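Q: With the hints in hand, could you dock these two chains into one complex?
Below, each chain spelled out in residue letters.
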Amino acid sequence: MATRPKKSDSATSRKSAASALPTAVKAPKPANFAKEQELEAYREMLLIRRFEEKAGQLYGMGFIGGFCHLYIGQEAVVTGVQMALTEGDQVITGYRDHGHMLAKGMDPNGVMAELTGRRGGYSRGKGGSMHMFSKEEDFYGGHGIVGAQVSLGTGLAFANKYRDNGKVSVTYFGDGAANQGQVYESFNMAELWKLPVIYVIENNRYAMGTSVARASAQTDFSQRGASFNIPGMQVDGMDVRAVNAAADYAAKWCRKGEGPIILEMQTYRYRGHSMSDPAKYRSKDEVQKMRSESDPIEQVKARLTEKEWATEDELKAIDKEIRDIVSKSAEFAQNDPEPDPSELYTDILK
Amino acid sequence: MPVEILMPALSPTMEEGNLAKWLVNEGDDVASGDVIAEIETDKATMEVEAVDEGKIGKILIEAGTEGVKVNTPIAVLLADGETAADIGTASAAPAPVPAAEAPAEAPAPVAAAPAEIKQEVASDPDIPAGTEMVPTTAREALRDAMAEEMRTNDNVFVMGEEVAEYQGAYKVTQGLLDEFGARRVVDTPITEHGFAGIGVGAAMAGLQPIVEFMTFNFAMQAMDQIINSAAKTLYMSGGQMGAPIVFRGPNGAAARVAAQHSQCYASWYSHVPGLKVIVPYNASDAKGLLKAAIRDPNPVIFLENEILYGQTFDVPKLDDFVLPIGKARIHRSGNDVTIVSFGIGMTYAIAATEELVGMGIDVELIDLRTIRPMDYDTVLNSVRKTGRLVTVEEGFPQNSVGDHIASQVTQRAFDYLDAPVTTICGKDVPMPYAANLEKLALPSAAEIVEAVKAVTYRD
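Line by line, the protein sequences give chains A and B. Just so it is clear: in the first sequence, position 165 is 165 by this note's numbering, and no numbers are missing. Plus 350 on top of the position in the second sequence (first one is 1) and you've got this note's numbering.
Bear in mind the hints are in silico, worked out from the structure with no lab data behind them. Treat the hints loosely; a few may be bogus.
[Stated by the list, open to error] From the structure, some residues in chain B lie toward chain A, with a derived Cβ separation under 10 Å:
hint : residue
1    : 504
2    : 556
3    : 584
4    : 648
Bear in mind the structure is a predicted one, so any value in this text is a computation, not a measurement. Note that the Cβ used here is the ideal one computed from N, Cα and C, for glycine as well.
Next comes chain B alone, as it looks inside the complex (with noise of 0.2 Å):
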């Protein structure tokens, strides 16, 4: 029976991809292992190689097609003796449908969010209006940020593993080393200790260092240089010197890589005085305030998502757009209830917005962008015209990071509340592997409109 190739997920996260070219063309044998084609992903060109032996019997996606979905049948190919009049009956390759499943759920179509739930960019104060936009994904509009502070100031610099030859483990610095030399853009060896302690001593010299941390996971081999010497040493000198650095990388779930790769740090950092703890949403934030870390003399971590890096989103076009950090985006504007969101958290509270707005629930959301320090006064001032909270977020629930604004408001707006306030976590396991178990570990945009109708008195 002939067999289905499938377009290939080439990355835990990929969803469709460019098929670039073909390399075998109808009427060509083929051996498994060899290359047939070569597609594009948002993050690098892959080839392709047969899994089975045969005759490509026909291509059924033309080279050059772009958005190709994946687990979509992109040829056809023939075993001994048959013929194209067999393709009729071809079943589908088993190999690569599992594999695909998980990022088919996880949250990136909702990213595209519908026109009425569209970030508010007019009424953001720190865009001036009439600003022409550009389309930009949060992984360029990243380096972008990089490039910009890095060719106005020669005291910054990128270190990593991968970050110069490999042009990123997740693209995000590709093409910095062509642009700025190996001086500047530096592969590590995978000593996550070492090379945070090299960066938080270069900073203590004043130089003002990017580490890259392939995932926050891999951060905790480094935390002891992160929390002892670069968030305390200010404190500890009495002001003569701290460490200008920042941090970065992917942090939380990305999709199937299991308990040891899938943990959201924010309320981690957020504990300690002495960093500044940034969770960009959407590309716009990522690179005003990717830009703002970079100057801010102080250790800033800043947690970037996995799964955001290929959305595509809104960037103003300015020549130096810097955003302040510690201070909240109000996403959408409304009366009834308030729900807080950052980073990929965003993704389920918009669709949760659409939903409950469609139901006549009048949604104020909120993107805190900031955790540390946190815009207590936005939260406050919308608790207390909405009188209800929500809040959303990836990370384990206890000690959250909605455990503490549940906390603030308790105490500083507790007259105000008409109901409960309602945290949405993680749930309290490590991330499993298996694709349903993993998305019932993560919050869901379902469990947000259940909370929102609680807290609203709605059936």
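Chain A extracted, bound-state conformation (with noise of 0.2 Å):
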């Protein structure tokens, strides 16, 4: 094995060989976001990052049970990808689901009280941190079993085909799940039938401990769909205004009817992968440079500082109003009473 190369050097030619790959699309310049579109990402990004300190908080004092995945770190990708889509378009995730539910638009109270398994929650207390579900909000969930979603989400483009609606699906998924088989039984499928759906692949670098380097031959996500040809980019998924011009172009790809298209979300999950994961495997240094240097909430705070659209009390006086909001989810999911015990035989044939 004299010829083995070494594995910085492997890891360099794959990735040159990825990027030229005629699947491979270079992202569009971040967006130029107007004051109002900074300030709605602004408020969105910290209404999720509040909300998932709060759900730690909550779990720690025992109120939360079970698995609980926080999305802090990543709140960019949700919020830009949401900016681009318009209504009836819809949305479906693994298991790290609170910011999506929360940028479709659901109601913080509902969500916090499906966590603590109260009745006011979206699942009635019966799903849980992992599955929930609006049909109002077209939000599919929340599921369980990683890759499960993208099959799924493949499905609910295959309906939109269908029904010729214009709609597109977002199927979320992480670089773990991108190793499944069902995604690439899924890749076909869309590509072949032309269906609506943006895989929005986010790659927070760490499948629970495992780190991309170590679970996947190929860590260009974005070219995971190139068997298929199936296009895909590599965005800034730190930066909203990156992902959210990213998904803008694959919205109107799709609305086009050009079939399926990848963007591969590249971020950082700031906590553990569950609140359980002391996060040995990774570094406190690395952890704390992601934090200083490229916090998505950070970046848009200094752009409205900068630019001079928000003064340092209108940005207190947001992070004050998204605080109340999060106390009273907090207290609303509480105290709302469990499921009535009859709650245990519903549902399970309509």
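A: Here it is as structure tokens:
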């Protein structure tokens, strides 16, 4: 094995090979946000972050049970994508789903009450953190089996095409789920049938505790659809404007009838995989560097301040408003009664 | 020595076919590989090729003959130097013989049930008295059910491997592509996990997919989407969204396809809350229950059987024939013993019932039709009357459907039992390939007769 390449060499050669593929699309320039958009993005991302911090706190207090996967650090992804969607577009994701629901416009009280397993939760307390849905907001879950949402989201797109309704299915999954077999079965059919689905791969670098380099032969996730001729682009998932521009491109692509497209969002989760994960597989410095240099919320805040679109007081006012919403949701979720025992046997069959 | 050309078996379950057309005449020379005739099975028209070189000495079966049994000599081939005068010495060509054995032993002849055991349609309250009956194969009944529902509801579509252009691997979807087009009759790649998930996603969005598995053996690849996504979503969403979807296809043993293609999944799926599980035996139930399954807002597992596809039964001629899910059918009323079965298990049960009635044992035979939700009342009422119960199915014994029924009957009608409940199942082995072993692995009418004699305390 004299010619065996060093690890770094092979990683480099893979990368350059991937970027040369005909399916490799260069990400568009970050969107040029007006003041209102910057404020909207700031508000939305702040809501997700404060909500997740509160969820972490309630978990520690024992109000939230089971698994609880926080989205802190990745807020720009769902926020930027959502700003590019129109009413009726569907969203589906895996188990790290709180941010997706808030971005989709679901009520924080209902989400938090589901986390605490109460009757006012979106699933009346029967789904929990990983299994939440809103028919009204076209949010299709919330799925606990890694990769299952990719086939399901492709099915949502199948329904859109069947009905010729111009809607797009946004199917989120992580770098871990990207190695599941059914993802590729779905890619094949999505391209074969030109289904309007945006595959958003949230590459937060770790599948639970396994880094991308340790689990993935092809680390350019945007080119995971190359075998099926699905175009893809790598996007700075920490910059909400870059996310928004890419999502806008992708939504137009789908609505034109061009079929599926892949957006690899290069992002980072600050917390462990779940509440019980001490995250010993990475250094504190690595996390700290991301937080201080690339934080999605700080980026917007800096632009708002620099452009004098918001004063320090105005930003503080937004902050307080968000904290109030989150506190209210926590209060609701702690005081709302548990489901009536009769709920045990409801909703099994229609 | 002249060689007989035999009627070939063109599929694992074929027992007979029609000799549609000869493409050669007596006196023609043929080489191996030449197409010599066309044979129609219940699924398709197939070409027959010559295996050996020679001259067609005599055509034994005229073109247009129907119902020619597999292995019947259809022509005689003469070798070099032989003439028609040598024909008397013809010997059977060895090639197709083993393939034909299993189908000959398949339970099909039983299904052409004798008159006295004929399904008591008149007693089925779901079919109005005096309804005209049309002889229909189970295959056609299933197709008709899908076509009728697709005509009235644009949300209904069929997807699966070979369902469209090939007209169905077992021809169940025959003609649907022509009538409904490629938008609604969708050929998929061979990716069960993926297309099951796509079907469930489409159902969550409000469409009503019929997902065909070429066989339920392949549905194990899709098990996660069936159980975790289809069955559980209504509950997990607090009733907001479920999956109105039908998963259908052949289930259980066909003939000589061995372990990976011969397994009954009735008890597997019946374990899962959130699913309905239907296993029809006759064509009438296949049609009425498939229509009900398509209309049902829940995920329904619809287990068909390849051996039953080609069998003909009476189907009521009604504009919109829909049967209730979850209701058993009393196939024959009786007072001495209850036999409960479903699907192809009914073929053994009917044969045994015929024999037992001849011995003076008054059998009550119940066809469950739906495994989940199960019609406990019909079974319990029967057992309270007869005091004896034998269950019959092809699936494995441990945690079988019969085990579950035995448990329910023991808990809810113990005082009525005059003998232990006996469960007859397939044997506790992977399905063997060899014809004799396969036969041993499946239940038999003889086993049922013995079991009934034991519980009724006859010698």
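Q: Look at each hint and say if it fits the structure.
A: Verification of the hints:
1. 504: Residue 504 (chain B) check passes; min Cβ-Cβ to chain A is 9 Å, inside 10 Å.
2. 556: holds, 7 Å
3. 584: holds, 5 Å
4. 648: holds, 5 Å
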